[in-house]
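Visitor: Based on the provided sequences and hints, a complete structural model is requested.
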Amino acid sequence: MIKETDVTDNSHGNVLLRLLSYLKPYWHQMLIAFILVLCITGFELYRPILIGDAIDQYINGYNKPYAVVEKDSKNSIAYDNYYISKDFDTHKVSKYLQIVLYKDNYYLFKSLTLTEQQYISNSVNNNNILNFRLRSNKISIQKDTKELQGTRLTSSELKQLRTSDFSGIKLAAMIYLIVLLFSFLFNMIQTWILQLLGQNIVYNIRKEIYEHIHSLSLRFFDINPVGRIVTRITNDVEALSEMFSTIIIKLFKNSIKIIGLAIVMIRIDLKMALFSFLLMPFIVLLTFIFKKISRATYRVTRTKLTIINTFLSENISGMKLIQIFAREKEKYKEFETKNKEVYKAFFREMMVFAIFRPSIYMLSVISLVIIIGIGGSSVLHGALTMGTLFIFIQYINSFFDPIQELAEQFGTLQSSLASAEKIFTILDEEPMILEKEEPIHLPDIKGKIEFKNVWFAYEGEEYILKDVSFTILPGEKVAFVGATGAGKSSILNLIGRYYDIQKGEILIDGINIKELSKNELRSSIGQVQQDVFIFTGDIKSNISLNREDITMEEIEKACEHVNASPFIHNLPNRFDEPVSERGATFSAGQRQLLSFARTLAYKPNILVMDEATANIDTETETLIQDALEKLMDGRTTIMVAHRLSTIQHADNIIVMHKGRIRESGTHQELLIQNGIYKKLYELQLNS
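The opening position of the sequence shown corresponds to residue 1 in full-length UniProt numbering, with each subsequent residue numbered one higher.
Each hint should be verified, as a subset may be incorrect.
[To be verified] Derived lysine to any residue pairs resembling SDA-like cross-links, with alpha carbons at most 25 Å apart:
#1 Lys658 to Leu683
#2 Lys143 to Asn131
#3 Lys466 to Arg497
#4 Lys271 to Pro48
#5 Lys331 to Ala345
#6 Lys64 to Glu147
#7 Lys86 to Ile51
#8 Lys92 to Asn81
#9 Lys518 to Gly634
#10 Lys146 to Thr90
#11 Lys159 to Phe88
#12 Lys143 to Asn63
#13 Lys95 to Leu114
#14 Lys74 to Asp165
#15 Lys138 to Asp80
#16 Lys329 to Ile307
#17 Lys146 to Asn131
#18 Lys138 to Tyr102
#19 Lys103 to Ala383
#20 Lys630 to Leu545
#21 Lys630 to Glu556
#22 Lys678 to Leu492
#23 Lys338 to Thr310
#24 Lys477 to Asp633
#25 Lys103 to Lys146
#26 Lys503 to Glu461
#27 Lys436 to Ile209
#28 Lys436 to Ala457
#29 Lys71 to Leu158
#30 Lys466 to Tyr498
#31 Lys446 to Lys557
#32 Lys338 to Val352
[What the hints assert, rightly or not] Now the in silico label distances, taken between C-beta atoms and shown as ranges:
#33 Trp192 to Lys557: 47 to 53 Å
#34 Gly537 to Lys658: 38 to 44 Å
#35 Ile32 to Ala173: 28 to 34 Å
#36 Pro439 to Asn546: 20 to 26 Å
#37 Arg152 to Ala262: 42 to 48 Å
#38 Gln529 to Met188: 51 to 57 Å
#39 Lys329 to Leu545: 36 to 42 Å
Note that these hints are calculated values from the structure, not bench results. From the three backbone atoms N, C-alpha and C, an ideal C-beta is built for every residue, glycine too.
Guide: Below you can see the structure in the form of structure tokens.
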């Protein structure tokens with residue numbers, strides 16, 4: 001039975017490894033996705049550096065000195081009857097120029113020695129701007145006994161001097177745009193690959209579950225609610241989709257991004273990096289607490305969802321019964337209770353995120369304030385450039401996002417693992433009915449059935465059948481009668497090997513059914529139940545069950561044989577008439593006629609009927625009895641019936657009582673025996 005148990009911490013590793021095994025057929029796609037993620041992360045790390053360098057090299061490029069150089073020197077420009085450049089070798093230069101920003105105007109100091117240029121530059125960088133004196137369109141600064149003077153630049157002169165800065169900004173903007181385009185392209189490709197990969201894996205898992213469910217015995221479905229199984233195939237499988245298409249790659253990306261950001265920050269400025277990491281212990285503690293709490297909330301949510309889905313499936317299927325007994329209010333109260341539990345589970349989950357996200361955000365803001373305060377002070381004292389401060393501000397904003405996402409993704413991963421654990425409880429369910437590796441193939445089953453000292457129990461040693469032995473010859477018609485719980489229907493289920501017996505043997509044509517192919521055995525047995533199941537679709541598909549080798553002619557012939565043709569031909573679309581769920585628009589008699597047609601279309605060698613005429617009105621029963629005579633002709637037929645009038649013409653009637661055979665014989669022979677059968681017969685006759 002599928003139990004609503006939580007995923008234990010010890011099982012996480014095994015479950016995750018098992019889930020990752022589904023990636024093996026798609027390893028090349030996953031490898032491409034990882035490479036793309038590395039590229040995207042690299043682009044994200046590079047963009048702030050690109051802007052920071054542009055700020056220092058070009059926007060604040062006026063701080064860099066010019067040197068008077070030869071005409072053919074690198075990046076030289078003509079200015080004031082000589083050539084100047086920012087790219088120079090100090091050993092080959094004797095004259096320098098320096099631009100100073102003073103009270104929103106730019107001033108140029110010319111013909112400086114290296115020490116004079118460094119003095120002016122240090123005065124600006126150390127925020128000693130008050131040392132400058134303004135006189136008309138000039139500023140001056142005193143160095144020892146010499147007064148150094150700078151002339152105010154016009155806009156055209158400034159533009160000429162900063163030609164290389166303008167070119168550099170344009171180049172940086174072009175590179176930034178190219179990086180953005182590649183990031184967009186790689187993101188698009190990566191998303192497409194991962195979504196396709198995720199859907200393929202989910203498709204395979206869903207297919208694997210569905211195929212596995214078909215291999216399980218009916219006992220599995222006896223003890224597991226339909227709603228719970230449906231939740232496993234739909235909701236729980238869908239929960240894995242996000243894990244394969246998003247979570248795994250994002251965990252990798254965010255981990256790489258955090259490591260990358262830390263390394264780059266340390267390499268750029270160790271002191272600033274250490275200040276950036278000041279609040280990391282609090283973040284780690286908060287993330288650990290969040291991970292632990294979110295894991296518990298995810299588990300509760302998944303369990304509550306399964307419970308309400310099971311409740312809904314059960315109650316919608318039994319809505320007619322609920323309305324018959326006027327239990328709507330009571331069922332609504334039950335639903336309201338379960339619905340509130342789901343609401344509370346989701347609310348708890350939401351509250352965890354509502355506390356965690358703002359907490360991380362607050363820590364990121366505090367870190368940003370620390371960086372701006374310390375970094376700003378360093379810029380004013382000339383110990384840090386504006387570009388470097390910009391890089392750290394951008395990195396701090398980027399640093400906390402992946403940490404927050406990592407914690408949330410770990411929470412989502414816990415949810416996926418919880419769903420996976422529940423899925424694996426189904427996949428690990430061992431089929432009770434095992435088939436031989438090389439089963440015996442019977443070309444044509446004749447229909448001889450033998451039970452030899454059969455003992456059978458659905459659970460433990462609570463035997464339903466006890467030492468049951470009988471033989472049914474090919475073409476013989478045998479009926480089983482007895483009180484409810486005597487074991488009649490169990491015998492029918494055992495013939496098709498829907499359950500395995502604990503002791504004894506069941507033989508078909510002298511061969512143990514455990515040696516036969518299950519599909520061949522069951523396809524040779526036509527079974528008609530008291531409660532007929534009709535699938536959504538049309539009449540034609542419900543008779544053929546979409547088996548391609550059953551022709552339309554055979555379908556029509558089968559319907560004609562069981563007297564179903566008259567009511568089908570009265571329908572607007574005849575055999576193409578749409579059928580609602582469970583055939584709700586048909587009467588019980590019409591559904592039974594369709595069931596007979598379905599059985600006949602499959603041309604069984606053995607016919608099994610479990611209370612086939614129990615719910616049929618007298619007029620329809622006459623039609624079915626006529627069809628049954630034709631259907632049973634030449635076939636081994638086994639019947640279970642409470643209405644003894646329907647089995648009086650059987651070749652042999654076996655009377656069951658408390659799991660044992662107490663009497664057997666024809667109708668007349670059993671009446672003469674004056675035993676259980678006669679009492680049942682007289683009881684029905686008097687009623």
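Visitor: Next, verify each hint and record whether it holds.
Guide: Each hint, compared with the structure:
Distance restraint check for Lys658 and Leu683: the Cα-Cα separation of roughly 19 Å lies within the 25 Å cut-off, and the hinted pair is therefore satisfied. At most 25 Å may separate the alpha-carbon atoms for a hinted pair to count; Lys143 and Asn131 meet this at roughly 10 Å. Distance restraint check for Lys466 and Arg497: the Cα-Cα separation of roughly 17 Å lies within the 25 Å cut-off, and the hinted pair is therefore satisfied. Only pairs whose Cα atoms come within 25 Å are accepted, and Lys271 paired with Pro48 is accepted, the gap being roughly 19 Å.
About 21 Å separates the Cα atoms of Lys331 and Ala345, which keeps this hinted pair within 25 Å; it holds. At roughly 21 Å between alpha-carbon atoms, Lys64 and Glu147 fall within 25 Å of each other, so this suggested pair holds. For the suggested pair Lys86 and Ile51, the alpha carbons sit about 20 Å apart, so the restraint of at most 25 Å is met. Straight-line distance between C-alpha atoms of Lys92 and Asn81 comes to about 19 Å, which keeps the hinted pair within the 25 Å bound.
Between the alpha carbons of Lys518 and Gly634 the distance comes to roughly 23 Å, so the proposed pair stays at or under 25 Å and holds. A C-alpha spacing of about 23 Å is found between Lys146 and Thr90, which places the hinted pair at or below 25 Å, so the restraint holds. Only pairs whose Cα atoms come within 25 Å are accepted, and Lys159 paired with Phe88 is accepted, the gap being roughly 21 Å. With a C-alpha separation of about 19 Å, the suggested pairing of Lys143 with Asn63 holds against the 25 Å cut-off.
Taken as a hint, the Lys95 and Leu114 pair is honoured in the structure, with Cα atoms around 7 Å apart against an allowance of 25 Å. Between Lys74 and Asp165 the CA atoms are separated by roughly 15 Å; this keeps the pair inside 25 Å, and the hint holds. This hinted pair checks out: Lys138 and Asp80 have alpha carbons roughly 17 Å apart, not beyond 25 Å. Of the pairs offered as hints, the one joining Lys329 and Ile307 holds, with about 19 Å between alpha carbons and a cut-off of 25 Å not exceeded.
With a C-alpha separation of about 14 Å, the suggested pair Lys146 and Asn131 falls inside the 25 Å cut-off, and the hint holds. For the given pair, Lys138 sits about 10 Å from Tyr102 by alpha-carbon distance, which is consistent with the 25 Å threshold. A C-alpha spacing of about 22 Å is found between Lys103 and Ala383, which places the hinted pair at or below 25 Å, so the restraint holds. A hinted pair counts as satisfied when its Cα atoms are at most 25 Å apart, and Lys630 with Leu545 qualifies at roughly 22 Å.
Restraint check for Lys630 and Glu556: satisfied, since their Cα atoms lie roughly 16 Å apart, inside the 25 Å limit. The straight-line distance between the Cα atoms of Lys678 and Leu492 is roughly 24 Å, inside the 25 Å bound, and the hint therefore holds. For the given pair, Lys338 sits about 11 Å from Thr310 by alpha-carbon distance, which is consistent with the 25 Å threshold. The straight-line distance between the Cα atoms of Lys477 and Asp633 is roughly 9 Å, inside the 25 Å bound, and the hint therefore holds.
With a CA separation close to 23 Å, the supplied pair Lys103 and Lys146 stays within the 25 Å bound. As the CA atoms of Lys503 and Glu461 are separated by approximately 11 Å, the hinted pair is consistent with the 25 Å bound. Restraint check for Lys436 and Ile209: satisfied, since their Cα atoms lie roughly 22 Å apart, inside the 25 Å limit. The straight-line distance between the Cα atoms of Lys436 and Ala457 is roughly 23 Å, inside the 25 Å bound, and the hint therefore holds.
Between the alpha carbons of Lys71 and Leu158 the distance comes to roughly 20 Å, so the proposed pair stays at or under 25 Å and holds. Between Lys466 and Tyr498, the direct Cα distance comes to roughly 18 Å. Compliance with the 25 Å bound is thereby established for this hinted pair. Among the hinted pairs, Lys446 with Lys557 is consistent with the structure: their alpha-carbon atoms are about 23 Å apart, no more than 25 Å. Among the hinted pairs, Lys338 with Val352 is consistent with the structure: their alpha-carbon atoms are about 21 Å apart, no more than 25 Å.
At about 52 Å, the beta-carbon gap between Trp192 and Lys557 stays in the expected band of 47 to 53 Å. Checking the proposed 38 to 44 Å range against Gly537 and Lys658 shows it holds: the Cβ atoms sit about 42 Å from each other. In this structure the hint that Ile32 and Ala173 lie 28 to 34 Å apart at CB holds, the actual value being about 30 Å. At roughly 25 Å, the beta carbons of Pro439 and Asn546 sit within the given window of 20 to 26 Å.
For Arg152 and Ala262, the hinted distance range of 42 to 48 Å is satisfied, since their beta carbons lie about 46 Å from each other. Checked against the hint of 51 to 57 Å, the pair Gln529 and Met188 passes, with Cβ atoms roughly 54 Å apart. For Lys329 and Leu545, the hinted distance range of 36 to 42 Å is satisfied, since their beta carbons lie about 40 Å from each other.
Taken one by one, the earlier hints all hold for this structure without exception.
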